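**Q** With chain A fixed as given, assemble chain B onto it according to the hints.
2 protein chains.
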Amino acid sequence: MQRTDYPATGAWSPAQPAGRRHFLSFGERAVALDVGATLRDVIVAYETWGTLNADQSNAILICHAWTGDSHVAGAAGEGHPTPGWWEGLVGPGLAIDTDEWFVVCSNVLGGCQGTTGPASLHPDDGAPYGSRFPVITVRDMVRAQVRLADELGVRRWHSVIGGSMGGMQALEWAITYPDRVGSLVAIGTCAQATAQQIAWGSIGRRAIRLDPQWRGGNYYDAAVGKGPWQGLAIARMVAQVTFRSDNAFTERFGRDLADMDAENSGIGLWDKFEVERYLDHHGDRLIRRFDTNSYLLIGKAMDLHDVARGRGGLERAMARITASTLTIGMSSDILYPAYQQRQIRDLVTRNGVRTEMVEIESPHGHDAFLIDLQQVGPPITRWLHAVD
Amino acid sequence: MQRTDYPATGAWSPAQPAGRRHFLSFGERAVALDVGATLRDVIVAYETWGTLNADQSNAILICHAWTGDSHVAGAAGEGHPTPGWWEGLVGPGLAIDTDEWFVVCSNVLGGCQGTTGPASLHPDDGAPYGSRFPVITVRDMVRAQVRLADELGVRRWHSVIGGSMGGMQALEWAITYPDRVGSLVAIGTCAQATAQQIAWGSIGRRAIRLDPQWRGGNYYDAAVGKGPWQGLAIARMVAQVTFRSDNAFTERFGRDLADMDAENSGIGLWDKFEVERYLDHHGDRLIRRFDTNSYLLIGKAMDLHDVARGRGGLERAMARITASTLTIGMSSDILYPAYQQRQIRDLVTRNGVRTEMVEIESPHGHDAFLIDLQQVGPPITRWLHAVD
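First to last, the protein sequences are chains A and B. The first sequence begins at 1 in my numbering and counts up one residue at a time. The second sequence begins at 1 in my numbering and counts up one residue at a time.
Pulled out of the complex, with its shape left as it was, chain A reads as follows:
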């Protein structure tokens, strides 16, 4: 009765060919993390588009979400398992026009697309970190980006832009380094993870831990098909449902059965509905391009996200923001409901800086910021030109 629904994929391999990406090595300049640990020999993978102008005033940092990477725009290819996640929004003549702006995006600390993460080799013994990799926070991700900005000669970003976890990074940038952020675009994100968001995250973590092939996080020597793909697939299913909306699912899948179990005369316990096949497909895609330990760590970073932590409360933290702030919410987002972006807007408005909230009408839920580019693009373009 029990079937393996996914093709046999191997454990994550830390050996990734480099494409158009650049790599910045921190060497012995260790990164001190929020949890108290330090990381040596950190490498940050990043990509850039356009040209930094003479007075360094046209730099834009784009921050990616959970399973994103530095590949904002461009085709899939060597070193890039997927096409750019904002393909169609960032490029020459597009909403974020790379003929005008110097655009930077880096893979987050703890990630698995070139930046140091749990699949990387520990400098002490040359074996993958695995369970030895420390917990990372959104602030740690920003710490690594600050060094990248210094390296690139960007003293001040014209704008820091991000959706979902990318928006969390943008907020942390604007709060921690107010003099280095001119404007802020925070999309489908929040100032503090809510209990419900934490609950979704914790379910995914448990599913991965339940997978015997996760082996406490030390699975990098597993044979093909013996990595923790089943746990990761379940964790991804949870996320995928929260990323979409009730209506979008109903319109696309209805309640059709995808297949019938040949062993049964009709409806078997493991027969799949169309929506299950869709979730399988997304889980399978993720398994091929993402490391389970990175998924765990980055999810935990989002659950720990709280701009108020150590800053005397939410109001005092948000009062540090001097960047002009555009927030974008999506009407059908059940994961980061629009009230959370309105809260950010309201708190920043008190600082006497320019703010605006745009709410996008979309059936696509949280993922609207990756799908409804014709609605996301224009307010960003306008914001980039409305502020200095």
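By construction, these hints were calculated from the structure, which means they are not laboratory data. Please note that the accuracy of each hint is not assured.
[Unchecked claim] The list that follows gives simulated cross-link-like pairs (lysine-lysine, DSS-like), each with its CA atoms no further than 30 Å apart:
#	chain 1	residue 1	chain 2	residue 2
1	A	226	A	272
2	A	272	B	226
3	A	226	B	226
4	A	272	B	272
5	B	272	B	226
[Stated by the list, open to error] Derived Cβ-Cβ restraints for the label pairs, each shown as a range:
#	chain 1	residue 1	chain 2	residue 2	range
6	B	81	A	77	56 to 64 Å
7	A	342	B	386	41 to 49 Å
8	B	251	A	28	41 to 49 Å
9	B	359	A	221	55 to 63 Å
10	B	312	A	385	53 to 61 Å
11	B	88	A	226	50 to 58 Å
12	B	342	A	30	58 to 66 Å
13	A	123	B	256	32 to 40 Å
[As the list claims (entries may be wrong)] Derived, one-sided and incomplete: chain A residues facing chain B with beta-carbon distance under 7 Å:
#	residue
14	135
15	194
16	195
17	210
18	212
19	238
20	246
21	249
22	250
23	253
24	273
25	275
26	276
Model, not experiment: these values are computed from the prediction. For glycine and all other residues, C-beta sits at the position ideal for the given N, C-alpha and C.
**A** This is chain B only, laid out in the frame that chain A set:
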């Protein structure tokens, strides 16, 4: 790093002491199921409150939800692991007044609180059914209840009442046996499971299947602590989050950390937020009183719920309802949103029978029908007296 977060509980034991419950045995009168299989020697556990009057006109059937049972009202005790799930709503002088009404509730087919289910012994060999138990539909649950009604001498229910899966049973009663249902109260339920609901259900199923201790459903000989409690706990977490609301979680738990991992200086990957501890608590409670295979089967029955199946479409199916219909929706219900109860109301209204939709304002999400009794009770009482 990996910890066992739950106390060691045993596999489900089919031997349950009987409390105030009654048992109806079908003996050799096999039940023919939707999937084509038949079940012999079926036993249905049920409870009754009040007295059936001389003309049998005061009988009310209450149908329970996923992890509910026949114990609608009364204390916990022998044979009843929990107090009545509608304690405070059903009883002498209460909203469903047992001085006036003869109230019946039975444990559903496939359940684990006295009615035949996967933990029951197969008549062929005296061993638990386990994976041999067939898939059950909501219509199959109703088939068993029809025999119970006949046994009790109830030709026609004054009303059939249910929330969530209980509402699905109530709808199937009114559609399949229109002459046996006087009125219908359908709370937080739907005419057809949506793709999103199916998606949530499928995630729980996968988590259970991933648990090595589930053993394909044949775990009844497992030692204490060796049953599939980890998979069941994850499945329950998914359900529990969809049962509640964003606001209720935020107000109750905020984003506090429940404990700190002694191994870590601060925030560890497996440190728990308060909301995680709450979900643990619910998972642990369920493990102690519910069989994992029943959880799987009943969840699948809900995903398969579709009053239209085999009836020429949704409109034609709903056109069979002649019972006066009260639907109750809950404003913060993200699992069965209020539009689904409005749809039921709208479809039944076309039949020229009396209908009404009441929407409860509550922060408690789907579970409001079990919590906000002061809001659920009055419309039910009114409906019971408004119709004959």
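**Q** To test your reading of the hints: which numbers does this structure violate?
**A** 4
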